[in-house]
Structures are given as structure tokens and as C-alpha cells.
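Heads up: the sequence shown runs through residues 1 to 294, numbered per our numbering.
Please keep in mind that the hints were generated in silico from the structure rather than gathered at the bench. Hints may be right or wrong, so weigh each one.
[As the list claims (entries may be wrong)] Taking lysine to aspartate or glutamate pairs in the DMTMM-like style, the calculated list, with each CA pair at most 20 Å apart, reads: (1) Lys-226 / Glu-239; (2) Lys-133 / Glu-87; (3) Lys-238 / Glu-103; (4) Lys-66 / Glu-207.
[Said to hold, decoys possible] Beta-carbon label-pair distances, calculated as ranges: (5) Tyr-267 / Asp-223: 17 to 27 Å; (6) Ser-75 / Ile-293: 40 to 50 Å; (7) Asp-197 / Lys-114: 46 to 56 Å; (8) Lys-114 / Lys-275: 43 to 53 Å; (9) Arg-154 / His-108: 25 to 35 Å; (10) Ser-102 / Gln-181: 24 to 34 Å; (11) Asp-104 / Gln-201: 26 to 36 Å; (12) Phe-46 / Pro-200: 45 to 55 Å; (13) Glu-266 / Glu-211: 36 to 46 Å; (14) Gln-137 / Lys-185: 13 to 23 Å.
Just so you know, even glycine gets a beta-carbon here, dropped at the ideal spot from N, CA and C.
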Amino acid sequence: MVQEAFINGVSTRKMERLAQSLGIESLSAGQVSEITKDLNEQVEWFRTRPLEKEYPVIWVDALYEKVRCERHIISMAIAVVQGLTSEGNREILAVEPMFAESEDTYTHLFEQLKRRGVETVWLCISDAHTGLKNAIQKCFLGSSWQRCKVHFMRNILVHIPHKEKESFAAKLKQIWYQPDQECAKQYAHLIIQEYRDRFPQAIALLEEGLEDSLQFLAFPHLDQRKISSTNSLERIHKEIRRRTRVVGIFPTTDSYLRLVTSYLIEYTEDWMSSKKYISSEAITEQQAELLKIA
1 MVQEAFINGV
11 STRKMERLAQ
21 SLGIESLSAG
31 QVSEITKDLN
41 EQVEWFRTRP
51 LEKEYPVIWV
61 DALYEKVRCE
71 RHIISMAIAV
81 VQGLTSEGNR
91 EILAVEPMFA
101 ESEDTYTHLF
111 EQLKRRGVET
121 VWLCISDAHT
131 GLKNAIQKCF
141 LGSSWQRCKV
151 HFMRNILVHI
161 PHKEKESFAA
171 KLKQIWYQPD
181 QECAKQYAHL
191 IIQEYRDRFP
201 QAIALLEEGL
211 EDSLQFLAFP
221 HLDQRKISST
231 NSLERIHKEI
241 RRRTRVVGIF
251 PTTDSYLRLV
261 TSYLIEYTED
271 WMSSKKYISS
281 EAITEQQAEL
291 LKIA
């Protein structure tokens, strides 16, 4: 009961009161914390378990929470890597605490994946982060990087006046509905020509990031809604934040990592017994096409 309550984001003080309401008067907050530490073995196994050699697609995103570090309270990132197996299932591959997002920390993250058995990644999807992009292409030679189209659109729309935002967004999103990269670039060029003088900052940003936001179109056999953004991972993070909100400030990095990882273990177990995220037939067809190009 205590472990389940902890995974669901119930603070140790609240669990103490819960136990007392059930007639367990002697269960202290300290004892609750000791009981939850039994999760450590499962969490450690999950974070270090052997992985498959190939993951056609990985999604990378970080979530932040406040953690007590000695006498200070800091904002700490936990980078989460979600992978697509060759059979079409999703699983969480990595849960890694970071004091800062940089090329060095992401290189360490991807090297950890390699040490656990990963050799090949076709496509990595994330928000714009130069360090992450450099790290993935350095650690997994031949991989492509997809800039999350949703974040990219938001970044562009920041530079559009409110009264014109809706109409401009309707045109902008059509770029990523085109059937291939060439059509997408042609459509984007029309938008650039039409709005360059009116919205120079937005158009400059569009030109700068367009190529990276279209990499998913090089994988036509895969579900392009799912491989063009980090939405699937962000939905998970939203649910995690709902659960961690009751904790407030985590007393240690380990407590933060334990709660987040325990929840992600649940997700991975559910995915293994649910419908394929992307069909294995589509993955096989895409692999055959990539081999022809190579």
C-alpha cells in the first residue's frame, strides 16, 4: 500500500496520516521513507537493463522539478528517452538526472544507451537543442534528428501579432501535412515570400529550422503524426507532474528519480501488452527502403 501510494505521488507525511487512519499508529514518516526505498532495486534494474540493438525511433524530452540539494533548492532535469522497438512497441529506454542540459550530458546519456546494447537509431525526435542534436549524431552515426514540429510552430508564432496568429498558424501547419520534403519546402517558400516583410523574425526562424523539422518525411512508411513531435512523451510528463505536484520539493535526487522511474516502469509494462504503437510491417517496409538507399 505504501509503495503504491508513493508511486502515485503521495507525500510521506500524507502516507503517515493515511496509515494512522487505518489503525497503524506506529508508522512514522521515517519508516515510510525506509519502506519506499525498497523500490530502489527495481528502479536500478530498469535503468540499467540490457536493451535491443536497434530502435528505429527514439523520443527525448526532459522534465524539471525542485529538489533539495544540501541547503539549497535547485531545479533539476530528468531526461527521458522513449524508444520504438523493431516489433512496433514503445518502451522507456532511459531515465537520467541532469544538473544541466548540454552536449556533454546528452553524450553521456547516449553513450549509456550504447553500453546497454543499442547500436542503431534511425530517427531521434526532440525539441531544439544544439547539444542534443550534436550528441545523437556523434553517438549514433547515420541517425537523423527531427525537430519537434509542435515546439517549432510555437516558437514561430511568438513573433506573430495576436490578431493574425490564428490565420497565420492555419497556413503554417500545412507545411507538415505535405506528402514529402520537396512539397513541404515548396509550400514553405510560398509562406516565406508572402510574409517575409510583415513578420521578419518569424520568417527568419522558419527558414533557419525548416530542414530539421521535415526529417520525419524521410520515413514515409511510419505514422508521421507520431514521429514528427514529442507529444507522446510530453503527455506522459504531464501526468508525472500531476503526481509530483503533491510532493512539492523533493528531499533528495534519489527520491525524485525513484518516483519518476517507478511511474515510467508502469507505462512500459502497459505498452508491452497493448496494441502496437506503429505496425511491425510498416517498420519492416521502412527498413527495406533505407537499405536500398544505403
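Results of checking the hints against the structure:
1. With a C-alpha separation of about 19 Å, the suggested pair Lys-226 and Glu-239 falls inside the 20 Å cut-off, and the hint holds.
2. As the CA atoms of Lys-133 and Glu-87 are separated by approximately 26 Å, the hinted pair breaks the 20 Å bound.
3. Straight-line distance between C-alpha atoms of Lys-238 and Glu-103 comes to about 25 Å, which puts the hinted pair past the 20 Å bound.
4. A C-alpha spacing of about 36 Å is found between Lys-66 and Glu-207, which places the hinted pair above 20 Å, so the restraint is violated.
5. Distance hint for Tyr-267 and Asp-223: a CB-CB separation of about 19 Å, consistent with the stated range 17 to 27 Å.
6. In this structure the supplied range 40 to 50 Å holds for Ser-75 paired with Ile-293, their Cβ-Cβ distance being about 42 Å.
7. For Asp-197 and Lys-114, the Cβ-Cβ distance of about 48 Å falls inside the hinted range of 46 to 56 Å, so the restraint holds.
8. One distance hint, 43 to 53 Å for the beta-carbon pair Lys-114 and Lys-275, is violated here, with the actual separation near 30 Å.
9. One distance hint, 25 to 35 Å for the beta-carbon pair Arg-154 and His-108, holds here, with the actual separation near 28 Å.
10. Range check, Ser-102 to Gln-181: about 30 Å between beta-carbon atoms, so the 24 to 34 Å window is met.
11. Our hint of 26 to 36 Å for Asp-104 and Gln-201 holds, since their Cβ atoms are close to 31 Å apart.
12. Separation of Phe-46 from Pro-200 is about 48 Å and conforms to the stated range, judged on CB atoms against 45 to 55 Å.
13. The hinted window of 36 to 46 Å between Glu-266 and Glu-211 holds, with their beta carbons roughly 37 Å apart.
14. For Gln-137 paired with Lys-185, a C-beta distance near 22 Å keeps the hint of 13 to 23 Å intact.
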